[in-house]
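Protein chains in written order, with this note's numbering: chain A, 1 to 52; chain B, 1 to 301.
Calculated from the structure, these hints are not laboratory results.
Some hints here could point you the wrong way.
DSSO-like, lysine-lysine: derived pairs with alpha carbons at most 27 Å apart [what the hints assert, rightly or not]:
#1 B:Lys-168 with A:Lys-2
#2 A:Lys-2 with A:Lys-27
#3 B:Lys-13 with B:Lys-168
#4 A:Lys-47 with B:Lys-168
#5 B:Lys-29 with B:Lys-13
#6 B:Lys-286 with A:Lys-2
#7 B:Lys-286 with B:Lys-266
#8 A:Lys-2 with B:Lys-29
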Amino acid sequence: MKNFLEYLGFEPERYHTAWISGSEGQKFADVVTRVVEDVRQVGPSRKMRDAR
Amino acid sequence: MSELTARVREIAKRLLDNQQVDVVFGWEKGTEPFSSTPVFIRRPEEAERLVFDEFCIHNLSTYLLDYRDGSEKIGIFVKGCDSRGVVRLLEDEQFTRERLYIIGIGCPGMKDPVAHALAASGLDGNQDTAGLSAKCRQCVHPNPVLYDELLGVQQEPHLRGERFAEVKQIEAMSTAERYQFFADIFSRCIRCYACRNICVACNCRRCIFEETRPQWVGRETNLADNMMYHVIRTMHVAGRCVECGECERACPVGIPLMLLNRKLIKDVNQLFGPYEAALSLEEGAKPPLSRYRTDDPDNFL
Numbered sequence: 001m002k003n004f005l006e007y008l009g010f011e012p013e014r015y016h017t018a019w020i021s022g023s024e025g026q027k028f029a030d031v032v033t034r035v036v037e038d039v040r041q042v043g044p045s046r047k048m049r050d051a052r
Numbered sequence: 001m002s003e004l005t006a007r008v009r010e011i012a013k014r015l016l017d018n019q020q021v022d023v024v025f026g027w028e029k030g031t032e033p034f035s036s037t038p039v040f041i042r043r044p045e046e047a048e049r050l051v052f053d054e055f056c057i058h059n060l061s062t063y064l065l066d067y068r069d070g071s072e073k074i075g076i077f078v079k080g081c082d083s084r085g086v087v088r089l090l091e092d093e094q095f096t097r098e099r100l101y102i103i104g105i106g107c108p109g110m111k112d113p114v115a116h117a118l119a120a121s122g123l124d125g126n127q128d129t130a131g132l133s134a135k136c137r138q139c140v141h142p143n144p145v146l147y148d149e150l151l152g153v154q155q156e157p158h159l160r161g162e163r164f165a166e167v168k169q170i171e172a173m174s175t176a177e178r179y180q181f182f183a184d185i186f187s188r189c190i191r192c193y194a195c196r197n198i199c200v201a202c203n204c205r206r207c208i209f210e211e212t213r214p215q216w217v218g219r220e221t222n223l224a225d226n227m228m229y230h231v232i233r234t235m236h237v238a239g240r241c242v243e244c245g246e247c248e249r250a251c252p253v254g255i256p257l258m259l260l261n262r263k264l265i266k267d268v269n270q271l272f273g274p275y276e277a278a279l280s281l282e283e284g285a286k287p288p289l290s291r292y293r294t295d296d297p298d299n300f301l
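Hey, can you work out the whole structure from these sequences and the hints?
Here is the structure:
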């Protein structure tokens with residue numbers, strides 16, 4: 001999916017998947033922090049929005 | 001009448017005569033010399049309608065879906081791609097082998113009826129009418145992979161050059177270029193769903209695009225919803241596409257759907273190991289994305 005979105009011209013930073021168990025609170029926090037950092041770097045997405 | 005057409009008629013007549021099957025799927029001559037269309041015959045005397053020529057481009061396996069709830073026995077003529085479509089349906093448990101009598105034909109490649117129609121109309125004389133149709137030029141498996149009876153001669157792959165060349169070309173572009181490239185293409189989509197309807201791998205009884213509660217994808221034909229549609233359609237046939245190229249052929253606005261399907265075929269090959277969908281029928285065999293293993297790669301998500 002990530003590869004495919006990248007192929008269609010979406011920035012790979014915007015799409016994340018991770019396996020996190022209900023007991024892995026710290027892992028969840030780490031992943032979310034990383035997602036936010038990555039998305040901040042590429043800035044707001046206009047693709048799929050302005051396209052409407 | 002060609003020798004193959006004669007053989008096709010003879011076999012259909014035999015199957016219907018001795019009541020081995022209730023209906024035979026084949027092709028008949030259309031309204032123009034350059035069109036052959038699917039036909040379903042039930043009486044032995046109708047066998048005379050059948051033909052096999054260079055315009056039998058339709059993949060007949062899709063039509064089996066119309067019969068999946070019945071118990072009728074079906075005789076079906078298959079080219080290489082049609083036979084992979086049949087394996088697709090058997091593997092997806094949409095049909096049972098016992099209901100089918102499969103007659104394979106080594107496929108020399110089909111010609112493009114639209115190009116011939118344009119050339120004949122005089123509207124566009126620059127059509128390539130000598131070569132094979134676009135979908136057949138990409139063909140790697142022209143010989144039937146599953147059959148009870150085989151006609152014609154063993155064929156070599158029709159593909160010249162590298163299978164993923166076009167996909168690689170796009171991969172080499174920048175993110176912005178790729179987005180522009182696909183945005184241009186998807187803005188042409190009229191959301192007629194022909195690509196889904198003609199697809200043998202699209203065999204869900206209830207399609208996500210028809211769900212209304214919740215409505216996953218907007219029905220409007222705007223770029224965002226069109227993109228969403230194409231992302232979902234492609235992902236849903238990932239690892240199951242038999243590369244018959246019917247989606248692209250059926251598209252009225254020339255969307256290169258195989259460019260999407262082939263990207264996922266390439267990815268599945270890379271991530272899950274070499275895999276060719278529906279090449280043989282094995283008990284319990286499932287495509288890579290239809291099974292679960294603890295060592296499945298995360299990247300495909």
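Hints, one by one, checked against the model:
1. B:Lys-168 with A:Lys-2: Distance of about 17 Å is within 27 Å: holds.
2. A:Lys-2 with A:Lys-27: holds, 21 Å
3. B:Lys-13 with B:Lys-168: Violated - the C-alpha atoms of Lys-168 of chain B and Lys-13 of chain B are around 48 Å apart, more than 27 Å.
4. A:Lys-47 with B:Lys-168: Holds, because 23 Å separates the two Cα atoms, which is no more than 27 Å.
5. B:Lys-29 with B:Lys-13: holds, 17 Å
6. B:Lys-286 with A:Lys-2: The hint holds at about 23 Å.
7. B:Lys-286 with B:Lys-266: Satisfied, since the Cα-Cα distance of roughly 18 Å is no more than 27 Å.
8. A:Lys-2 with B:Lys-29: The given pair, whose Cα atoms are some 45 Å apart, is violated under the 27 Å limit.
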